[in-house]
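Participant: Spelled out from the first residue to the last, the chains are:
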Amino acid sequence: MKRSVFTAASTLAVVAASAVSMAQAGPEAEVLHWWTSGGEAKSVAVLQQEFSANGGTWTDMPVAGGGGDAAMTALRARVLSGNAPTAVQLKGPAIQEWYEEGVLADISAVAEAEGWDKVLPASIAAHMKCEGQWCAAPVNVHRVDWLWANAEILAANDIAMPTSWDDFNAAADKLMAAGVIPLAHGGQAWQDATVFEVVALGLLGPDGFHKAFVDLDPEMLGSDKMVAVFDQMRKMRGYVDSNFPGRDWNLATSMVMNGEAAFQIMGDWAKGEFLAAGKVPGEDFLCASAPGEGFLYNVDSFAMFDVSGDDKQQGQALLAKLIVGQNFQKVFNLNKGSIPARVDVAMDDFDSCAHLSSAEMTTSSKDGSLLPSYAHGMAMRGAQSGAITDVVTAHFNSDMSSAEAVEMLVAAVENSL
Amino acid sequence: MRAWLERQIPKMVLAPSFVAILIFVYGFIAWTAWISLTRSKLLPKYDLYGVIQYKRLFAAPRWDTAMDNLFLFGALFICISMALGLLLAILLDQRIRVEGVLRTIYLYPMALSMIVTGTAWKWIMNPGLGIEAMVRNWGYDSFRFNWVIDPDMAIYAVVIAGVWQASGFVMALFLAGLRSVDGEIIKAAQIDGIPGWRIYSAIILPSMAPIFLSAFIVLAHLAIKSFDLVVALTGGGPGYATDLPATYMYAMAFSRGDIGQAASSAMVMMGVVFAIVVPYLYSELRAKHV
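First to last, the protein sequences are chains A and B.
The working numbering puts the first residue of the first sequence at 1, with every later residue one more than the last.
The working numbering puts the first residue of the second sequence at 1, with every later residue one more than the last.
Since the hints were made in silico from the structure, they are not lab data.
Here a beta-carbon is modelled for each residue, glycine too, at the ideal position from N, C-alpha and C.
Just to be clear, a hint being listed does not mean it is correct.
To be verified - As a list, the in silico BS3-like pairs of lysine-lysine whose alpha-carbon atoms are at most 25 Å apart: (1) K321(A) x K42(A); (2) K45(B) x K129(A); (3) K41(B) x K129(A); (4) K118(A) x K129(A).
Stated by the list, open to error - Which residues of chain A face chain B? A few of them, derived with a C-beta cut under 10 Å, are: (5) N54; (6) G55; (7) G56; (8) E97; (9) C130; (10) S242; (11) N243; (12) S385; (13) G386; (14) D390; (15) T393; (16) N397; (17) S401; (18) A403; (19) M408.
If we strip away everything but chain A, and leave its shape as in the complex, we get (with noise of 0.2 Å):
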C-alpha cells in the first residue's frame, strides 16, 4: 500500500515537471516596467499582446509609484540575488550604468539582423548600446522641449506663438497687464529643471547645451550665457502664479486647458492631457517648440539584462525585436502620446502634434541638434544631474542671484563627480 502510494506520487511528479517543463518549451520574458496609469498600462498591454501573439510567454513585473524610484529598488534586489529579469524599463545613461555593473546582455544579433543603425536617430541609437554593443532597445521618443497655449488666450490678448525668449517675455508681460496667469508651472524639482533645460537650450543654442549638460564643461556653466539662463529663469519665476509650489504637472496642463494660464513648458505627454479632456491641437490648444533650435529628447526604452536558458534567451530576442518593430512602435506611440524612435514609421494616424515632432526630429538629427534632455535623466548620470537639479530648484525658489547660481553650478557639479 504505502509503496504504491509512493510510486503514484512520484509519478505525479514527473508528468507535473514535464507540464511545467512543455509550457516553458516557447520563448519567455519577464518585464520589469512602471507604467501603471490608464494610458501607459495600456501601452505597455500592446506589448503583451503581441509577444504572446508570437508564442512567446510574458511574465509581467510592474511596480508602481515613486517615479521609478521603487522599480529600481526591486531590480537591485533582484540582481543582487542572481536573479534578474529579461527586461527592464530603463533610459539614458542609466543603461551604461547598469552595464558597468556587469549585469547587461548583448542584443547585437538582433540589432543587426533587423537593422536597427538604419533606422534610429544615430544619437537615439548611441543611448542603447554598451561599448560598441546593443544592450537596450527604444520604445519611444518624447519631446521635452514644448511650449503650450490656450488658443483662445493668445486670440483675445492678439498675440503669437513667441518665436524667441524676448517675444515669451513680452507675451508674458501682456498677459499679467491682463490679468492672466502667463504661464502655468508645478513646483516640483523636477518641473524647475524642465522649464531650466528649455530656456537653457534657448539661450545656450544646441552647441552650448551639449558643452554643458552632455559634457558637464566646466568653463560653459560657468559662463555669462549661464547667467543669462538663470536671469530668464527669474523672469519665468516672475510669470509663475504664486500657488504653484508641489502642483503636479497636469494641474498645471489643465489650467492652460480651462484657461487660467496662457502657457506651458512641458514635454508631449502633455498632450495627452489635453485630447483626454477633448481637445483639438490647433483649435483649442497650440503646440510649438519653445523658443530657440534644437530638440530635447526623452527616450523610453527597455535595457535587456544577462539571462541563462535558451528559453529566455529566445524570449529576450524576440522582445527586442518587436519593441523596435514597425507595429509596435505605431500603436504604442499613438497610446501613449508620443512619436516612433524609429523614422520609417508611417504618421498618417498620428496628430499634428506628433508631425510636427516627427519631422523636426529627422531634420535634427541631421544638423546635430538632437540633443538629450537633462531634466528626465538622458544626459547625464543621476548623481550629477540631481546636483544641477538641486541648484536649478534652490535659484527658482528663493532670491538667489544669478552670478551665485552659477558659482553654485558649477561646484556641485564637480562635487557629485
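Guided by the hints, dock chain B onto chain A, whose structure is given.
Facilitator: Same frame as chain A, but now just chain B:
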C-alpha cells in the same frame, strides 16, 4: 542534568534574538559604515577609497540645508510639543468632568500616520485652498498665510504639523506623570496655604524629571527620523528648503543611484542619534548603581 538545563535554557531562549540583533542591527551598521568609505553607485562595491563620500557630503549645500533644518525643526518641535503637552496636561489635571473624552481627543492625532497628518496640513496651509483662502473669503483681502510655499518659512509649517501630531502624546505622558506624584505631599502643601502655581513649579514638576527625559528622547528620535511628514507635506520643497537628512539619504540611495553618498549621510545621522541617546543611556545606567 536538570540544574544544567535550568542554567542553559535562558541563554538558549535568548540566543536567536541576540544573533538576529547582532546581524541585523550591528552587522548592517558595520556594512553601512564600510559602504560609506567606498565609491558605490548603483550597486554596493567593496573597494575602500577613504573619506571621499564624507567630503562630498559636507561640500553639498543641500546637506547643509538638511542639517540646519534638522536642528531647527528638532529644537522647535521638541520645545513646543513639550510646552504645549505640559500645558494641556496641567489643564486636564484640574479634575474636570469629561476628562476621558478630552484626553482621547487630544491623544487622537498620535493614532494617525504622519502621511495623513502631512497631507491634511498640506491642504489646510495651501494658500489657494486652506486658511488663507478662507480668511480672504471672509473679506480680509490682505491676509497672508503662505508658509508652506515660502522657502524661508516652509520648515516652520512642518513644525506646526509635527507639533499638532505629537503634543497630544506628550500630554498623555505628562498627565500620567502628574498623577503619579504622591498626593499626600500635595495635600500637605495645600494645607500650608501654598498657591497652586507654586505647588506645580516647586513640587510636582521637579519630581517629574524622568518623564521629561522620556518625552525628550521620544520626541528627539521622532524629529531625527522625520521623513514621511516632510514627504507628504512639502515633498522637501519649495526647492529643497525643507529637506531633512532622512529625505536626503532617500534621494541619494533610491533616486540618484549614489549609494556611497547615502551611506555616509546615514552614518552622520546615526552620529546625531548617538549624541542624544548615549548621554541618556549613561544617565539611566548610572542611576541604577547609586
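Participant: All the hints need checking, so say for each whether the structure fits it.
Facilitator: Now for the hints, and whether the structure bears them out:
Restraint check for K321(A) and K42(A): the C-alpha separation of about 20 Å stays at or below 25 Å, so the hint holds. Of the supplied pair hints, the one linking K45(B) and K129(A) holds, its CA atoms being roughly 24 Å apart against a limit of 25 Å. Restraint check for K41(B) and K129(A): satisfied, since their Cα atoms lie roughly 20 Å apart, inside the 25 Å limit. A distance of roughly 14 Å separates the Cα atoms of K118(A) and K129(A); the hinted pair therefore holds under the 25 Å criterion.
For N54(A), the interface hint is violated, since its Cβ never comes within 10 Å of a Cβ in chain B; the closest pair sits about 32 Å apart. Interface hint at G55(A): violated, since its Cβ lies 34 Å from the closest Cβ of chain B, which is beyond the 10 Å cut-off. Because the closest C-beta pair between G56(A) and chain B is about 29 Å apart, greater than 10 Å, the hint is violated. The beta carbon of E97(A) is positioned within 10 Å of a beta carbon in chain B (closest approach about 5 Å), and the interface hint is therefore held.
The beta carbon of C130(A) is not positioned within 10 Å of any beta carbon in chain B (closest approach about 14 Å), and the interface hint is therefore violated. With a least beta-carbon distance of about 7 Å to chain B, the hint placing S242(A) at the interface is held under the 10 Å criterion. A hinted interface residue such as N243(A) counts as satisfied when its beta carbon comes closer than 10 Å to some beta carbon of chain B; here the least separation is about 4 Å, so the hint holds. For S385(A), the suggested interface contact is upheld, since its CB lies about 8 Å from the closest CB of chain B, less than 10 Å.
A hinted interface residue such as G386(A) counts as satisfied when its beta carbon comes closer than 10 Å to some beta carbon of chain B; here the least separation is about 4 Å, so the hint holds. Look at D390(A): its Cβ gets to within about 5 Å of chain B, closer than 10 Å, so that hint holds up. The beta carbon of T393(A) comes within 4 Å of a beta carbon in chain B, closer than 10 Å, and the hint placing it at the interface holds. Among the interface hints, the one on N397(A) holds; its C-beta lies about 3 Å from the nearest C-beta in chain B, closer than the 10 Å criterion.
Nearest Cβ of chain B to the Cβ of S401(A): about 15 Å, over the 10 Å cut. The hint is violated. With a cut of 10 Å, the hint placing A403(A) at the interface with chain B is violated, because the nearest CB-to-CB distance is about 15 Å. Given the 10 Å rule on beta carbons, the hint for M408(A) holds: about 6 Å separates it from the nearest Cβ of chain B.
In terms of the numbered hints stated before, the structure departs from hints 5, 6, 7, 9, 17, 18, listed from lowest to highest.
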